[in-house]
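All chains should be built: construct the whole structure from the sequences, respecting the hints.
If you're matching them up, the sequences are chains A and B in order. If you number the first sequence the way our numbering does, the last residue is 465 and the count never jumps. If you number the second sequence the way our numbering does, the last residue is 465 and the count never jumps.
No lab work stands behind these hints, which were simulated from the structure alone. Certain hints may be false.
When chains are identical, the list treats them as one kind, so a pair holds in a single copy or across two.
DMTMM-like, lysine to aspartate or glutamate: derived pairs with alpha carbons at most 25 Å apart [what the hints assert, rightly or not]:
hint, residue 1, residue 2
1, Lys228, Glu90
2, Lys181, Asp238
3, Lys209, Asp186
4, Lys228, Asp355
5, Lys228, Glu70
6, Lys228, Glu262
7, Lys316, Asp389
8, Lys209, Glu38
9, Lys228, Asp141
10, Lys228, Asp47
11, Lys228, Asp250
12, Lys288, Glu102
13, Lys228, Glu102
14, Lys121, Asp176
15, Lys209, Asp250
16, Lys228, Glu258
17, Lys209, Asp68
18, Lys228, Glu11
19, Lys121, Glu95
20, Lys288, Asp71
There are 2 protein chains.
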Amino acid sequence: MLGNLLEPELRDLIQRREFNQLRAVLCAFPAPDIVEIFTDLNPRDEAVLLRLLPHDLAADVFEHLDYEDQEHVLQALGDEEVARILNEMAPDERTALLEELPAAATQKLLNLLSPSERKVAAALLGYPPGSIGRRMTPDYVAIQERWTVGDVLTHLRAVGRDREMLNQMYVVSDNDKGKGALVDWVRLRNVVVSELHVPVVDLLEHKNWALRASDPQDRAVEAFRKYDTTMLPVVDSYGVLVGVITVDDVLDLAEEQATEDIQKLGGVEALDAPYLRVGLFTMVRKRAGWLAVLFLGEMLTATAMAYFEDEIAKAVVLALFVPLIISSGGNSGSQATSLIIRAMAVGDIRLRDWWRVLWRELVSGLCLGSVLAVIALARILLWPNRDQLYGAHYALVAAAVAGSLVGVVLFGSLIGAMLPFILRRLNFDPAVSSAPLVATLVDVTGLVIYFSVAYRILHGTLL
Amino acid sequence: MLGNLLEPELRDLIQRREFNQLRAVLCAFPAPDIVEIFTDLNPRDEAVLLRLLPHDLAADVFEHLDYEDQEHVLQALGDEEVARILNEMAPDERTALLEELPAAATQKLLNLLSPSERKVAAALLGYPPGSIGRRMTPDYVAIQERWTVGDVLTHLRAVGRDREMLNQMYVVSDNDKGKGALVDWVRLRNVVVSELHVPVVDLLEHKNWALRASDPQDRAVEAFRKYDTTMLPVVDSYGVLVGVITVDDVLDLAEEQATEDIQKLGGVEALDAPYLRVGLFTMVRKRAGWLAVLFLGEMLTATAMAYFEDEIAKAVVLALFVPLIISSGGNSGSQATSLIIRAMAVGDIRLRDWWRVLWRELVSGLCLGSVLAVIALARILLWPNRDQLYGAHYALVAAAVAGSLVGVVLFGSLIGAMLPFILRRLNFDPAVSSAPLVATLVDVTGLVIYFSVAYRILHGTLL
Numbered sequence: 003m004l005g006n007l008l009e010p011e012l013r014d015l016i017q018r019r020e021f022n023q024l025r026a027v028l029c030a031f032p033a034p035d036i037v038e039i040f041t042d043l044n045p046r047d048e049a050v051l052l053r054l055l056p057h058d059l060a061a062d063v064f065e066h067l068d069y070e071d072q073e074h075v076l077q078a079l080g081d082e083e084v085a086r087i088l089n090e091m092a093p094d095e096r097t098a099l100l101e102e103l104p105a106a107a108t109q110k111l112l113n114l115l116s117p118s119e120r121k122v123a124a125a126l127l128g129y130p131p132g133s134i135g136r137r138m139t140p141d142y143v144a145i146q147e148r149w150t151v152g153d154v155l156t157h158l159r160a161v162g163r164d165r166e167m168l169n170q171m172y173v174v175s176d177n178d179k180g181k182g183a184l185v186d187w188v189r190l191r192n193v194v195v196s197e198l199h200v201p202v203v204d205l206l207e208h209k210n211w212a213l214r215a216s217d218p219q220d221r222a223v224e225a226f227r228k229y230d231t232t233m234l235p236v237v238d239s240y241g242v243l244v245g246v247i248t249v250d251d252v253l254d255l256a257e258e259q260a261t262e263d264i265q266k267l268g269g270v271e272a273l274d275a276p277y278l279r280v281g282l283f284t285m286v287r288k289r290a291g292w293l294a295v296l297f298l299g300e301m302l303t304a305t306a307m308a309y310f311e312d313e314i315a316k317a318v319v320l321a322l323f324v325p326l327i328i329s330s331g332g333n334s335g336s337q338a339t340s341l342i343i344r345a346m347a348v349g350d351i352r353l354r355d356w357w358r359v360l361w362r363e364l365v366s367g368l369c370l371g372s373v374l375a376v377i378a379l380a381r382i383l384l385w386p387n388r389d390q391l392y393g394a395h396y397a398l399v400a401a402a403v404a405g406s407l408v409g410v411v412l413f414g415s416l417i418g419a420m421l422p423f424i425l426r427r428l429n430f431d432p433a434v435s436s437a438p439l440v441a442t443l444v445d446v447t448g449l450v451i452y453f454s455v456a457y458r459i460l461h462g463t464l465l
Numbered sequence: 003m004l005g006n007l008l009e010p011e012l013r014d015l016i017q018r019r020e021f022n023q024l025r026a027v028l029c030a031f032p033a034p035d036i037v038e039i040f041t042d043l044n045p046r047d048e049a050v051l052l053r054l055l056p057h058d059l060a061a062d063v064f065e066h067l068d069y070e071d072q073e074h075v076l077q078a079l080g081d082e083e084v085a086r087i088l089n090e091m092a093p094d095e096r097t098a099l100l101e102e103l104p105a106a107a108t109q110k111l112l113n114l115l116s117p118s119e120r121k122v123a124a125a126l127l128g129y130p131p132g133s134i135g136r137r138m139t140p141d142y143v144a145i146q147e148r149w150t151v152g153d154v155l156t157h158l159r160a161v162g163r164d165r166e167m168l169n170q171m172y173v174v175s176d177n178d179k180g181k182g183a184l185v186d187w188v189r190l191r192n193v194v195v196s197e198l199h200v201p202v203v204d205l206l207e208h209k210n211w212a213l214r215a216s217d218p219q220d221r222a223v224e225a226f227r228k229y230d231t232t233m234l235p236v237v238d239s240y241g242v243l244v245g246v247i248t249v250d251d252v253l254d255l256a257e258e259q260a261t262e263d264i265q266k267l268g269g270v271e272a273l274d275a276p277y278l279r280v281g282l283f284t285m286v287r288k289r290a291g292w293l294a295v296l297f298l299g300e301m302l303t304a305t306a307m308a309y310f311e312d313e314i315a316k317a318v319v320l321a322l323f324v325p326l327i328i329s330s331g332g333n334s335g336s337q338a339t340s341l342i343i344r345a346m347a348v349g350d351i352r353l354r355d356w357w358r359v360l361w362r363e364l365v366s367g368l369c370l371g372s373v374l375a376v377i378a379l380a381r382i383l384l385w386p387n388r389d390q391l392y393g394a395h396y397a398l399v400a401a402a403v404a405g406s407l408v409g410v411v412l413f414g415s416l417i418g419a420m421l422p423f424i425l426r427r428l429n430f431d432p433a434v435s436s437a438p439l440v441a442t443l444v445d446v447t448g449l450v451i452y453f454s455v456a457y458r459i460l461h462g463t464l465l
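What follows is the structure, encoded as structure tokens:
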């Protein structure tokens, strides 16, 4: 919105090289608003503007750009400016960027960091991709157990300015055998509401909520959902405090997870970038893979149909209902699998709940199938020119269609609900059980159910 | 996990009425862990345990239960305990609970609140359902512009203990014409790292980030995503500060939104509760509605097939590929619609981007259709007994199948991508454009495309 309004004016100022006026306009806005202005500019103009901003604002704006923009801007900036911005960035945001870049670019950027920042960056990159260690920041405040509230406030005035998050302060052990081990923590809010002489030990939280740096990032999302807090400490395998993770990172993580799950449910490999930013070729590749696999599976329907070719030739009327029946199975399967995958993702359903789910889907599937069967019966039996359209045996055809609908919808619900359990049991991501995959599985079986039921009912009359 | 380990022991203690020992065991855990223990107990036992806990811990545990559990526990508790717990709850969590209950129950609970808490609760309930006002808490800290850091810290020691969130403190106007209007704010972290004599005006943020209480809640999710902050002030239509909203509520909101979108994408009405908690009948109802609508739409496939019945009778081989072709259209449509809906939800795509999306899907659809066409050609032309299976004109049949695949996949991608735009333009929720809805639309058109292409190519030979 802001971007739209200011864009022509800014473009004009850039073109006329009115740098003083540009700086004055930009500095009037907070970083997230400047980012909105940036998104529609080209990387070269973005680089020009970044160079104009004061150090810390430039780093702040840069952090808010998406990875692709960041990469382009880095290419357009000189080494000196890159070093300036990288050294000012929050360590967790910097790691996220370095993670996205090709290895050679990462190495080049690491060399631009000051020795102390390089040590921090290299340590964070030492944790496996997708681990909590990659998203943490080492800018926490450590305090001593023997201090008073007054000591803590004095300490904060000395070191707090450089720390990203102060909401929690951590008491770490300083005796020789467990040096640096996380002992406990206090909340800043409890410190500021207490009298200065109150000892820190009175404010300890006595909560053992630390995350492990090597754990996967969805563990962090779970923990924040459970504990409703704004930050959590991260320890290594020896219990030594190595960083903190903050809720704004977790909000991003939770959104990324939901996006991935939705894309997988739609039968697409996770894009890992905004839709309009992904190269056309990459997008086609990420979609073609699954589409081709599904197509190969779906080819079994042609085989199944060929198996029933004689029946179709004898009673063409049967072919009329094929799309209706298989799509009903697919739709009910797609409903079930979406419900179960999401319930698993947010922790409403665990592996051991499988039989409760099976039971619910058995009942639901029968009910839903019966509803559709009644609609189908009504449509065929009450249609004005039913005997011309569906032949003399239209009542039997209606029975065959209705009967197989119950079977197909039941089967669709069961497959859609159980496939995520099976995938998770085999340690695959349950979200791979996409709606299209379920539909494909159900299509083939649906045809077999339909023609078998039809054969039973119509044998001796139509067939 | 913890719940599993302790459950038998706890059940035993409850049965043996060993209340002292129970209290000792429970008080050793923080609230979220006690909640885990609770989830597998029945409401009567939950009520017994809640009664044992100290006031504030009981309220804390109660806040973490889900709405259905909360409702059951309230029924099992006496009025006195209910009043105790409700008065201790955070106002935003309490509003969320009252919102879920039937109107009569809400009124009864409001009467149990102390006069001051009742005023707060009634005010929050005065905002429309789904608005930011319903999720905010009035427990913020207001300060004066003329104060110093020392004054603020003294004020915090006096009032801070009762406030939910202290990360930001708000400077409100106290002159007569704009009494209570939000002027600016300071961050607690800047206060604690500054010397005591520093005036508050030096620490002002100069950021105009307030949310409107009457705005919908997804506006809050957007704002937190954009500003990366832990709380935001909420003002009424006169700019008067009425509350704050915190990031933990927003994390919950973002998750609820993603869950709803996933359920709608799967063709289910939003369940509004965990899968295993929704009554079987409610779940069937929420699924049957859409399933029946889709079924009625899908009936058009039977009409379309009937229209081509003569062609099918003449060349039964055409019927064999019907499921393959329509499902390929459905799958590509399902991919496109999942990508676009999620991109819209997280703000990557706006309404005005429709033509860029159209162009991308045009290219993607053609590429994806061609990939599948090549696979189909290979399958039919290279199959060992192709002339027995597909007849003497198998090459023409292959051409018809391949040609219509390109058309159907292109059409599926375009419909799947454009439907969310059309829905949003008409002010419907774009997530209604579920994968099953797109598949149904594509199925009918896919049949028409297939038989038209086949008629062109096979006219004079098979047809």
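We went through each hint and held it up to the structure:
1. In this homomeric assembly, Lys228 and Glu90 come within 25 Å of each other (Cα to Cα) only across copies, at 20 Å, whereas the closest approach inside a single copy is 33 Å.
2. Taking identical chains as interchangeable, the C-alpha atoms of Lys181 and Asp238 lie at most 25 Å apart only when both belong to the same chain, with a minimum of 13 Å there against 51 Å between chains.
3. When the C-alpha separation of Lys209 and Asp186 is checked against a cutoff of 25 Å, the pair qualifies only within one copy, where the shortest distance is 7 Å, while the shortest distance between copies is 35 Å.
4. Taking the shortest alpha-carbon separations for Lys228 and Asp355, only the intra-copy value of 20 Å comes in at or below 25 Å, while the best inter-copy value is 38 Å.
5. With identical chains, the CA atoms of Lys228 and Glu70 are at most 25 Å apart between copies only, with a shortest distance of 17 Å across copies and 33 Å within one.
6. In this homomeric assembly, Lys228 and Glu262 come within 25 Å of each other (Cα to Cα) both inside a single copy, at 22 Å, and across copies, at 20 Å.
7. Proximity of Lys316 to Asp389 under the C-alpha cut-off of 25 Å is found in both arrangements, the shortest distances being 17 Å within a copy and 21 Å between copies.
8. Only between protomers do Lys209 and Glu38 lie at most 25 Å apart by alpha-carbon distance; the minimum there is 15 Å, versus 40 Å within a single protomer.
9. Proximity of Lys228 and Asp141 under a CA criterion of 25 Å is satisfied in both settings, with 24 Å inside one chain copy and 22 Å between copies.
10. Taking the shortest alpha-carbon separations for Lys228 and Asp47, only the inter-copy value of 22 Å comes in at or below 25 Å, while the best intra-copy value is 44 Å.
11. In the homo-oligomer, the alpha carbons of Lys228 and Asp250 lie at most 25 Å apart both inside one protomer (16 Å) and across protomers (10 Å), since each shortest distance falls under that limit.
12. Only within a single protomer do Lys288 and Glu102 lie at most 25 Å apart by alpha-carbon distance; the minimum there is 18 Å, versus 41 Å between protomers.
13. Proximity of Lys228 and Glu102 under a CA criterion of 25 Å is satisfied inter-copy only: 21 Å between copies versus 29 Å inside one chain copy.
14. Taking the shortest alpha-carbon separations for Lys121 and Asp176, only the intra-copy value of 22 Å comes in at or below 25 Å, while the best inter-copy value is 50 Å.
15. For the identical chains of this complex, Lys209 and Asp250 are neighbours both inside a copy (22 Å) and across copies (19 Å), given an alpha-carbon limit of 25 Å.
16. In the homo-oligomer, the alpha carbons of Lys228 and Glu258 lie at most 25 Å apart both inside one protomer (19 Å) and across protomers (15 Å), since each shortest distance falls under that limit.
17. Proximity of Lys209 to Asp68 under the C-alpha cut-off of 25 Å is restricted to the inter-copy arrangement: shortest distance 23 Å between copies versus 36 Å within a copy.
18. In this homomeric assembly, Lys228 and Glu11 come within 25 Å of each other (Cα to Cα) only across copies, at 23 Å, whereas the closest approach inside a single copy is 47 Å.
19. With identical chains, the CA atoms of Lys121 and Glu95 are at most 25 Å apart within one copy only, with a shortest distance of 15 Å there and 43 Å across copies.
20. For a Cα distance limit of 25 Å, the shortest separation of Lys288 from Asp71 inside one copy, 22 Å, qualifies, whereas the shortest one across copies, 43 Å, does not.
The structure fails none of the hints (numbered hints given earlier).
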